[in-house]
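Chemist: Residue-level listing of the chains:
Protein chains: 2
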Amino acid sequence: MIKELRELTGAGIMDVKEALNEAGDDRDAALDILRKKGMAKLAKKADRVAKEGIVESYIHAGGRIGALVELNCETDFVARTADFQNLAKELALHIAAANPLYVSRDDVPEEVIAKEMEIYKEQSAGSGKSEDVMQKMMEGKLEKYFEESCLLEQPFVKDSEKKISDLISESTAKMGENVQVRRFARFMLGN
Amino acid sequence: MIKELRELTGAGIMDVKEALNEAGDDRDAALDILRKKGMAKLAKKADRVAKEGIVESYIHAGGRIGALVELNCETDFVARTADFQNLAKELALHIAAANPLYVSRDDVPEEVIAKEMEIYKEQSAGSGKSEDVMQKMMEGKLEKYFEESCLLEQPFVKDSEKKISDLISESTAKMGENVQVRRFARFMLGN
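For the record, the sequence lines run as chains A and B. If you count by the working numbering, then the first sequence holds residues 4 to 194, one letter each, in order. If you count by the working numbering, then the second sequence holds residues 4 to 194, one letter each, in order.
Just so you know, the hints here were simulated from the structure itself, not pulled from any lab data. In this text, all values refer to a predicted model and were calculated from it rather than measured experimentally. There could be a bad hint or two in this list.
Since copy identity is lost for identical chains, a pair holds within one copy or between any two.
As the list claims (entries may be wrong) - Under the rule of at most 30 Å between Cα atoms (straight-line distance), these lysine-lysine pairs were calculated in the BS3-like manner:
#, residue 1, residue 2
1, Lys39, Lys92
2, Lys92, Lys6
3, Lys144, Lys132
4, Lys165, Lys6
5, Lys92, Lys54
6, Lys124, Lys166
7, Lys6, Lys166
8, Lys132, Lys147
Sequences and hints are given; from them, build the entire structure.
Modeler: Okay, here's the thing in structure tokens:
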């Protein structure tokens, strides 16, 4: 179990033993503890520059859809690992299939958000609901829009229980480096 | 020779015989005649919609550079031919290597051209040359800029005697369909 947890999280033996202790030898609970620790460590790493990495592509449906993605990490060493390259492949495949428009919600332009909100307002006009409820509904719809259009918030096409941001976080924790999707492009024939 | 010319140009037997006649049985001259005829035919085709095709990618230098290109033609039949797919592959490779910024000079924004011209003006200021000569020099430099930054005007990386637009024209003539580069993306790690 120690070996498995180390492989899954990239944590040291002492950390794994401690986590298993804390979790009363429950594998999944220990995994959670290790991941949270990993995340906390990684928050510190967020400022470190990720400019190594890989550019990966995926061609879907006999050339009708293609995706190109740049995945960054901090060192060439990590960039060469099979885990990292596999993540890049999965992301390119996901982008081809799920058609995200932006990497993260921070990349959605102000005017797009304003336009979305306007549409929601029109949709709910005359519903007789209070301002307060209307505002909450609109915010809920905007959240839904982010989930549908932002790569990091989309459910992974191969495992809808996970968001893409979860995939990235797991890799980040495992590799011990800041891992970031820098940009992507997606072409669909004639669209 | 007739067979070879037909294969090279996609022209009919009668057209090839006529061209050889006109060229006094000179292979290269006949090829020129057939190509010009093909081009003339294709000018008529330029209005026809090219929305079939293929999306192709090329990953260069172990994942440090990636290119994605959409190449359009008119029918799914042509899109499936090895010639067409090979052209898409060559284009993706070329884009990865030659770093074009635009598909054609028509895609270069006005403000980019204005800025280029301003730079050329500053460079030639105080040279003592006449307005007329200066203007010609600036236009020459702008032509050079188009050649360097526009995919269709770049010399093909595998054969610098040909421009990319020549490659496309040859395919267009051979396939008898309007062939167009619709768009491309190119990512270079960290750039």
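Chemist: Confirm or reject each hint.
Modeler: Quick rundown of the hints versus the structure:
1. Lys39 x Lys92: within (26 Å within a copy, 45 Å between copies)
2. Lys92 x Lys6: within (26 Å within a copy, 45 Å between copies)
3. Lys144 x Lys132: within (16 Å within a copy, 64 Å between copies)
4. Lys165 x Lys6: This pair counts as within: shortest intra-copy Cα distance 24 Å, inter-copy 58 Å.
5. Lys92 x Lys54: both (18 Å within a copy, 28 Å between copies)
6. Lys124 x Lys166: Within one copy, since 28 Å is at most 30 Å while 53 Å is not.
7. Lys6 x Lys166: Intra 26 Å, inter 58 Å, cutoff 30 Å: intra-copy only.
8. Lys132 x Lys147: within (20 Å within a copy, 63 Å between copies)
Going through the hint list in order, the structure satisfies each hint without exception.
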